[in-house]
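A.B. asks: Residues per chain, in single letters:
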Amino acid sequence: MPLLELKNLKKYYATQKAVDDISFTLEHGSIFGLLGPNGAGKTTLLRMITGIFFPDEGEIILDGQKFNPLEDSLKIGYMPEERGLYKKMKIGEQALYLAQLKGLSKSDAMDKVRFWFERLEMQTWWNKKVEDLSKGMSQKLQFVTTVLHEPKLIILDEPFSGLDPVNANLIKDEIYGLKERGSTIIFSTHRMEQVEEICDHIVLVNLGKKILDGTVQQVKHDFKEDVFKITFANKLMPEHLATHLFEVKQKKDHELVLQRHVDYTNNDILQYFISKGLSVESFNEILPSLNDIFIHLVEGTKSVTRSFQKVEAV
Amino acid sequence: MNKIFIIARREFLSRVQKKTFLLTTILVPALIFGFYALIIYFSVKSEDNIKIAVVDKANLFGGKIENAGSDISFEFTNKDTALLRKDVESKKYSGYVFVPADYNVLGHDRLTYHSDKATGLMTQEKIRKKISSTIEDKRFLSLNISKAQLDSIQSDNDVQFTTFSGGDKPSRAGVSYAVGFVSGFLIYIILFIYGTMVMRGVMEEKVNRIAEVIVSSVKPFQLMMGKITGIGAVGLVQFLIWIVLMIGLQFLLPVIFPGMAEQMQSQPIQPGAVQAVNTAKSSGLLNSLAQVNFPLMLSCFLFYFLGGYLLYSSLFAAVGSSVNEDPQDAQSLTLPIIMPIIFAMVIMMKAVNDPTSGLAVFGSMFPLTSPIVMMARLAHGIPDGVTYSQLAISMILLIAGFIGTTWLAGKIYRTGILMYGKKITWKEMIKWISRKN
Chain G
1 MPLLELKNLK KYYATQKAVD DISFTLEHGS IFGLLGPNGA GKTTLLRMIT GIFFPDEGEI
61 ILDGQKFNPL EDSLKIGYMP EERGLYKKMK IGEQALYLAQ LKGLSKSDAM DKVRFWFERL
121 EMQTWWNKKV EDLSKGMSQK LQFVTTVLHE PKLIILDEPF SGLDPVNANL IKDEIYGLKE
181 RGSTIIFSTH RMEQVEEICD HIVLVNLGKK ILDGTVQQVK HDFKEDVFKI TFANKLMPEH
241 LATHLFEVKQ KKDHELVLQR HVDYTNNDIL QYFISKGLSV ESFNEILPSL NDIFIHLVEG
301 TKSVTRSFQK VEAV
Chain F
315 MNKIFIIARR EFLSRVQKKT FLLTTILVPA LIFGFYALII YFSVKSEDNI KIAVVDKANL
375 FGGKIENAGS DISFEFTNKD TALLRKDVES KKYSGYVFVP ADYNVLGHDR LTYHSDKATG
435 LMTQEKIRKK ISSTIEDKRF LSLNISKAQL DSIQSDNDVQ FTTFSGGDKP SRAGVSYAVG
495 FVSGFLIYII LFIYGTMVMR GVMEEKVNRI AEVIVSSVKP FQLMMGKITG IGAVGLVQFL
555 IWIVLMIGLQ FLLPVIFPGM AEQMQSQPIQ PGAVQAVNTA KSSGLLNSLA QVNFPLMLSC
615 FLFYFLGGYL LYSSLFAAVG SSVNEDPQDA QSLTLPIIMP IIFAMVIMMK AVNDPTSGLA
675 VFGSMFPLTS PIVMMARLAH GIPDGVTYSQ LAISMILLIA GFIGTTWLAG KIYRTGILMY
735 GKKITWKEMI KWISRKN
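Protein chains in written order, with my numbering: chain G, 1 to 314; chain F, 315 to 751.
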């Protein structure tokens, strides 16, 4: 049984179809990347999953049951992109307060806050005010307040923005840790290299619609363009290379990047080089990066200048 | 419900634990009282020892001017004016009065007080009173009228105002006026202070970008209600402290200024009979004060305070949620909320005079103005100022009113709190309200 199931979610604003019929499922214990250009409808989608917005149409099934924003708030931890804290409030009290709002009892909240503060070495901050913290520190605090009630579903919108590499790694390790302990993480970002590194499964939305859904490996395979890199032990390369098998994309002294033509196999290419008397040192397929796929899919859809359209009320 | 309480507790504690809360709560009444005490002190305390030379050529005063209980003293001399002038300049006297030999008591000749520097208003008044009352006595004498005769002729109590329901008790318009005005005005101030406090709180949450974090745990409506109840509790506590402090200071005042009470009593130096009339008047005041139904006033004050606060604070919260960083937006958006409050204030000023006029009745029924206007009518008592049925209707309408505005505000708030970077117009807000869900 999947943890979260979205069925034909729709949310129309007066001037825009923010989310237009999106469905996908999320398995337990996975890290899920929600990708999309600015204004694609990601935030609206996340707000529906967290119960801030009600969908106009469609259903959200959480843990096998119809999602109930009031009762399920303890199951969800949400760190929005537009996030903040009470500036004048002491850090310890703030974490306690937010935990209690989630529905934890006071003593429970206290234990959890203590545990997380110790874990991320924040004990000395307890009586400081948020306004005294650096951006990275308050980001860390924000992360703690999002996950300390150990929700089944953690939603992180751009969690690494503003963090230095050391702290980013710290948070990344925590995310892996949470996954291991059974949490499912939805991770929304524009940083494709992070998605590639962290996520198991991705969904790409654009103009309010889902345009891609699959595991990272699967998606990469789906979009591969038969590009290979081949290196040779000896530096000498023939001047003229046969063009019916492949197309040369890049050429360095003992390295070639080539695109195989559709009708041929890898073996054809290897045989060709062997017959030329070259000793092949390595032969690898180059899979497209998510970044390339993203740009390829989104470019030209006018998503950046998504025009406002008239939507009839439903 | 529980979450509203958690939010309200934070709102309450975060405000009450601030140093500024203590400062304003204690300083404001202290300042008001300090101010009040200073005014009394200075008005009671006259300039130090004023010595006035009187050259009485006409023997008008017979060598004596009544000056009991004051620091003005009169000294009769026969020095000529040039010499007196010198005495005044050398500060022997503060000034002098010359009564010419041909002064006619019954004529309307004026006496002139000469001094080297300008005389303060209060002192002028005292000197005038003392000299005038002595001259008055002389006039009575020369017309063969005794003081007692005059008092029996003079009467300003020939007409008494009562209402049918009031029986024989005289009505107490003056006191009702004051009590009504003060309580109406207090509610007016409360609506402003705590309403804007709610608005600023909401704006803070929006600007700090914490709103979205919180509404992922609680419903926006709970957040709004928590904030409103928390700040309402702050207001209630602040008010209770003020009342306690006011009463405390009232008792303390005579201790701080021991001489003051006596001075205040001895100030109207008038011949006996007039004084008797005066005491009669002031005991009348006390009587009519006692007639104001204070338990009713106080409980209604509390009701209208809470009702008015709940009604307006939710509107202020809605405005706060629609404002972006620019405080100027807030100004233009609050205007439609402030207008009815000011309008209520205007009606209230009419209602204290005429509690049963059509405008006053309307104002005390209409939920947006009733908290302020009804206080003015209530001060006139039931059923003189307002009937029980009117009071009941007004209360029911106010409850319906605040349920209505909270519902309305909740709709605006829910959308506004998450809306960034866009100037919001009234037209859009109306759209949010009419949108279902």
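No lab work stands behind these hints: they were computed from the structure.
Hints may be right or wrong, so weigh each one.
[To be verified] So, partial list: chain G residues that the calculated Cβ filter (under 10 Å) puts toward chain F:
1) Lys10
2) Gln16
3) Gly64
4) Ser73
5) Glu81
6) Gly84
7) Lys88
8) Gly92
9) Gly103
10) Lys152
11) Asp253
12) Ile274
13) Ser275
14) Gly277
15) Leu278
16) Val280
Quick reminder that beta carbons are idealized off the backbone N, C-alpha and C, glycines included.
A.B. asks: All hints, please: hold or fail.
C.D. replies: Outcome of the hint check:
no.	hint	verdict
1	Lys10	violated, 13 Å
2	Gln16	violated, 13 Å
3	Gly64	violated, 21 Å
4	Ser73	holds, 5 Å
5	Glu81	holds, 9 Å
6	Gly84	holds, 3 Å
7	Lys88	holds, 7 Å
8	Gly92	violated, 13 Å
9	Gly103	holds, 8 Å
10	Lys152	violated, 14 Å
11	Asp253	violated, 53 Å
12	Ile274	violated, 61 Å
13	Ser275	violated, 64 Å
14	Gly277	violated, 65 Å
15	Leu278	violated, 60 Å
16	Val280	violated, 55 Å
Violated hints, listed in ascending order, are 1, 2, 3, 8, 10, 11, 12, 13, 14, 15 and 16; each of the other numbered hints is respected by the structure.
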